[in-house]
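Let the sequences and hints guide you as you build the complete structure.
Numbering (our numbering), first residue to last: 1 to 79.
The set of hints was computed from the structure by calculation and includes no laboratory data. Computed from a predicted structure; not experimentally measured. Idealized CB from N, CA, C, for every residue including glycine. One should not assume that every hint holds.
[Unchecked claim] Here are the in silico distance ranges between beta carbons for each label pair:
1) Asp11 / Glu53: 24 to 30 Å
2) Gln16 / Asn71: 15 to 21 Å
3) Ala8 / Lys68: 17 to 23 Å
4) Glu53 / Lys31: 25 to 31 Å
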Amino acid sequence: MKKGVIKAVHDDDLEQFLDSLGLLKKIRKGKMRCAKCNTTITLENFQCVYPEEGKIKVCCSKLECYRKVINWGEVIINE
Numbered sequence: 001m002k003k004g005v006i007k008a009v010h011d012d013d014l015e016q017f018l019d020s021l022g023l024l025k026k027i028r029k030g031k032m033r034c035a036k037c038n039t040t041i042t043l044e045n046f047q048c049v050y051p052e053e054g055k056i057k058v059c060c061s062k063l064e065c066y067r068k069v070i071n072w073g074e075v076i077i078n079e
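Take a look at the structure:
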């Protein structure tokens with residue numbers, strides 16, 4: 001079984017966390033898309049952020065997208 005690290009960010013800290021990654025303004029402007037289904041990411045449908053090929057990717061809250069991400073590797077979850 002492959003082991004990974006899951007780090008959680010509380011809703012109260014989400015905007016600060018996204019801002020620290022340079023993603024908050026992009027999300028608010030509708031410029032971020034789910035890496036799995038291409039849905040526009042909002043603060044309401046944001047599920048997680050994860051590294052892939054040296055880039056920061058985001059995932060929407062659709063279960064099928066999230067499953068693809070968590071089966072891939074390390075994620076940071078919005079809880």
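Original post:
Cβ-Cβ distance between Gln16 and Asn71: within 15 to 21 Å?
Top reply: violated (29 Å)
**OP:** Indicate whether the distance between the beta carbons of Glu53 and Lys31 respects the range 25 to 31 Å.
**Re:** Roughly 19 Å apart at Cβ, these two residues miss the hinted range, so it is violated.
Original post:
Between Ala8 and Lys68, does the beta-carbon spacing fit 17 to 23 Å?
Top reply: Cβ of Ala8 to Cβ of Lys68: about 19 Å, so the range 17 to 23 Å holds.
Original post:
When you take the CB atoms of Asp11 and Glu53, is the distance between them in 24 to 30 Å?
Top reply: holds (28 Å)
In summary, the structure is inconsistent with hints 2 and 4 from the numbered list given earlier, while agreeing with the others.
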